[in-house]
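> Residues per chain, in single letters:
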Amino acid sequence: MQIKIQNLNYYYPNSNEKALDNINLEIKDGEFILVAGYSGSGKSTLAKCITGAIPNFYGGKIGGKVLLDDEEILKIDERRRASLITMVFQDPERQLLMNKVYREIAFGLENIALDEGTIKKRIWESLEFCGITDLYDRDISTLSGGQKQKVAIASALSFMPRCIILDEPTSQLDPVSADEILNIVKKINRELMINVIVIEQRVSRWFDSIDKLIVMKDGRLEFVGTKEEAYRINNSEVNQFLPSRIKVAKKIGIEQYPSDSRLIKSRLKDISLKSINKGEKKGEDRLKVDNITVKYGSFTAVKNVGFSIKSGEIAALIGPNGAGKSTLLKSIIGLVDYRGNILLDGKTMNKLSVKDRAQQIGYLSQNPNDYITKDTVYEELLFTLKNFNIKDKGIVDDILKKLDLYKHKDKNPRDLSGGEKQRLALANTLILRPKVLLLDEPTRGIDNNNKGEIAKILKSLADEGVSIILITHDIEFAAEVCDKFILMFNGEIAEMGDRKVLEDCIFYTTEINKLIREFKGGIFTYKQFIEALEGNK
Amino acid sequence: MNRDSLHILSIILYALMMVSISFLTINPLILFSILICELAVFLYFNKKELIISTIKIFLPLLVITVFINSLFVNAGVLVLFNVFNKYITLENLIYSVLFAVKLLIIIYLFYIFEIFIDSDAALSFFSSKMPKTTLLFMVCFKLIPTMKKKLKDLRDIYQVRGVEFNSKSRFQRIKAQIPLIIVLIEESLEASFDISESAYIRGFLSGKRSVFNKSKFKHIDYLVSIISIISIFYFLIFKKLTDYNVYDDYRLPLNPFTFSVCVLVFVLTFVINYYYKENVYAD
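Sequence order for the protein chains is A and B.
Just so you know, the first sequence maps onto residues 1 to 537 in UniProt numbering.
Just so you know, the second sequence maps onto residues 1 to 283 in UniProt numbering.
None of these hints come from the bench; they were simulated from the model.
All C-beta atoms, glycine included, are put in the ideal place defined by N, C-alpha and C.
It is possible that part of the hints are untrue.
Unchecked claim - Heads up, simulated EDC-like pairs for lysine to aspartate or glutamate below, C-alpha to C-alpha not over 20 Å straight-line: (1) A:355 - B:156; (2) A:310 - A:284; (3) A:374 - B:153.
As the list claims (entries may be wrong) - Computed, partial: chain A to chain B, Cβ under 10 Å: (4) 51; (5) 55; (6) 58; (7) 62; (8) 89; (9) 98; (10) 330; (11) 336; (12) 361; (13) 363; (14) 388; (15) 391.
Input sequences plus hints: build the corresponding full structure.
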């Protein structure tokens with residue numbers, strides 16, 4: 001399907017700020033498009049305009065046209081619109097309505113009044129195509145996040161639409177499930193020739209499959225072009241959204257877009273790189289986790305896990321979903337019952353309540369919105385202080401300044417951006433000046449800019465002696481920030497140590513390490529690559 | 001569950017019959033007949049654990065009913081014992097037990113609904129008849145389990161933020177719930193918006209819907225519906241003859257009308273059970 005967007009402008013209801021600013025775009029039939037951009041750049045808004053949800057569902061002021069095969073979207077009958085173009089959202093929990101998988105797929109097809117025979121055929125075929133026929137009559141609540149997202153895709157595919165838009169479809173998934181989703185989406189585009197528009201912040205996984213890259217900034221199109229054009233152009237906004245391996249290729253002077261990573265690897269062989277050695281943290285053990293086992297009924301989530309973290313050390317807990325990472329963090333803060341011993345500065349914490357532990361150990365859950373209950377940023381931090389009977393309010397200003405939130409102190413926390421909300425949640429944890437910080441996926445759903453901010457904050461906390469354990473699926477972020485890596489599978493630690501743990505990993509490593517590891521160890525991120533390259537010069 | 005299940009309307013009529021009779025009478029024979037029928041359904045469909053778990057609810061319910069009843073009602077002539085200068089009479093006790101049984105019958109009916117009705121099929125059916133109302137229910141049903149899980153996660157987070165949920169003061173315990181409720185309300189509003197958007201994108205409310213696995217109104221549905229309606233009217237017409245007032249006379253009202261209501265309830269339940277066992281859960 002050919003999609004044309006002409007002079008598109010949009011204001012959300014009750015807003016005077018343009019969410020989309022004069023968008024002109026043409027997407028050819030069967031194209032695979034990747035839309036990248038920082039949070040608030042207008043990516044999702046653009047997608048919603050293409051589906052017609054804006055303005056039909058959202059309201060607001062809209063100008064310009066969206067044409068699907070030369071037919072204006074707002075003039076297309078709702079039923080035909082639903083069968084022409086559909087969308088998969090980022091959170092599978094918030095898009096699946098029915099209890100059973102086959103009923104979920106049937107739901108959309110019933111809406112467009114297909115006959116029973118066609119619905120049956122489409123259900124089975126879409127499940128078959130996505131490789132999930134075994135889930136046919138499974139209860140959706142029993143599925144994993146990855147399986148739920150596959151059901152959402154099968155449901156979208158069952159319409160046999162001309163275009164599917166996917167809004168950050170892998171942001172809530174572990175790398176294994178994310179790769180499975182990529183393969184299904186690629187197959188939809190290549191085999192069925194359905195237009196695919198993917199909105200993502202982590203472009204690396206998708207980059208090889210796309211025909212066109214769109215980079216958005218402040219509601220405008222910053223760049224529209226092929227991968228090759230994106231590779232040639234010298235635009236810092238675009239460069240930020242190139243995968244690390246492509247940035248490396250550009251840096252070492254490969255002229256044409258390297259469609260095959262083997263080419264980059266062969267060129268890297270001739271380049272000498274300086275070794276990067278991150279000194280090992282020295283000092284006393286701050287936190288010691290000794291032989292911890294956690295059981296949920298008859299299921300053992302964590303099996304005899306033991307490790308220790310030094311003062312100022314940052315450790316990454318890595319592994320697939322269900323490996324026991326979050327349970328392990330919860331056992332340290334005392335939120336789940338466990339067997340074993342947890343020692344802080346040599347003293348056992350086993351008999352301390354959650355509240356007592358929280359005065360020394362900070363814990364940050366995945367969703368920053370869970371920390372918002374008050375009307376101002378300042379009151380939010382005061383709430384935590386009051387709960388611990390701390391009278392000295394001076395620390396609130398200190399923490400707000402440290403996390404660059406002081407300017408927002410009287411603002412309603414609900415009006416903060418995603419990255420700012422994450423910093424506020426972190427501030428709520430830091431307000432008690434913890435010795436140990438436990439973070440459950442602190443970079444989930446936030447863009448590279450905000451990720452950089454979080455990295456800086458964590459490093460500065462570590463410099464002050466705070467020990468940090470963080471769970472992450474973002475290996476590049478972990479490789480940039482962490483000193484220690486704990487790889488968990490099936491409730492057990494498979495391996496633990498410094499960066500060498502990642503060096504020979506098949507899956508849990510970075511694309512730069514995969515390129516370079518044969519001839520230079522210890523380089524995992526583009527930043528480290530530049531350091532090694534320039535250090536050598 | 002498949003399309004051989006009974007039609008949603010016939011199950012609703014059956015449930016309506018059970019509920020209306022249970023609400024309108026205190027006749028022990030009729031109430032226990034309904035209760036036995038419900039228990040038989042659970043045993044027939046291997047839901048013994050359900051019976052055990054509900055007994056745990058029933059016993060405190062019984063104690064509370066007896067307590068409240070004896071607090072306000074002093075009627076009855078056969079005094080069983082004296083607690084804190086309050087006479088507990090046999091009539092009082094019988095009335096409380098029957099009242100608790102009534103409540104148990106209603107609770108069990110929800111579980112029976114779950115056994116006999118495929119909730120997705122019901123939603124699909126009602127979506128074609130009254131789509132907007134169904135969407136509202138759909139969003140609510142979807143959110144309840146999610147909110148339950150979310151509430152547990154929030155309790156964890158707020159415990160770490162120093163909130164004490166087990167404070168000795170009741171006021172403090174209630175106050176501790178406020179931040180959780182704020183987050184839950186905001187989250188559920190956002191989630192309902194997202195679910196509705198997803199439904200809109202997939203063409204919900206775009207016109208008349210078709211129904212997948214449409215359940216036909218079969219002979220058995222006619223039979224169940226007719227017997228249910230007859231039972232309701234029969235009971236209403238002869239209600240006076242089946243009336244029971246424990247405080248006037250605690251002895252059982254043994255008359256043909258009471259027996260015939262019991263028989264109708266038994267027959268109907270037997271027909272439905274047999275049908276499901278033979279056609280729906282045959283495998």
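> Flag every earlier hint the structure violates by its number, smallest first.
5, 7 and 15
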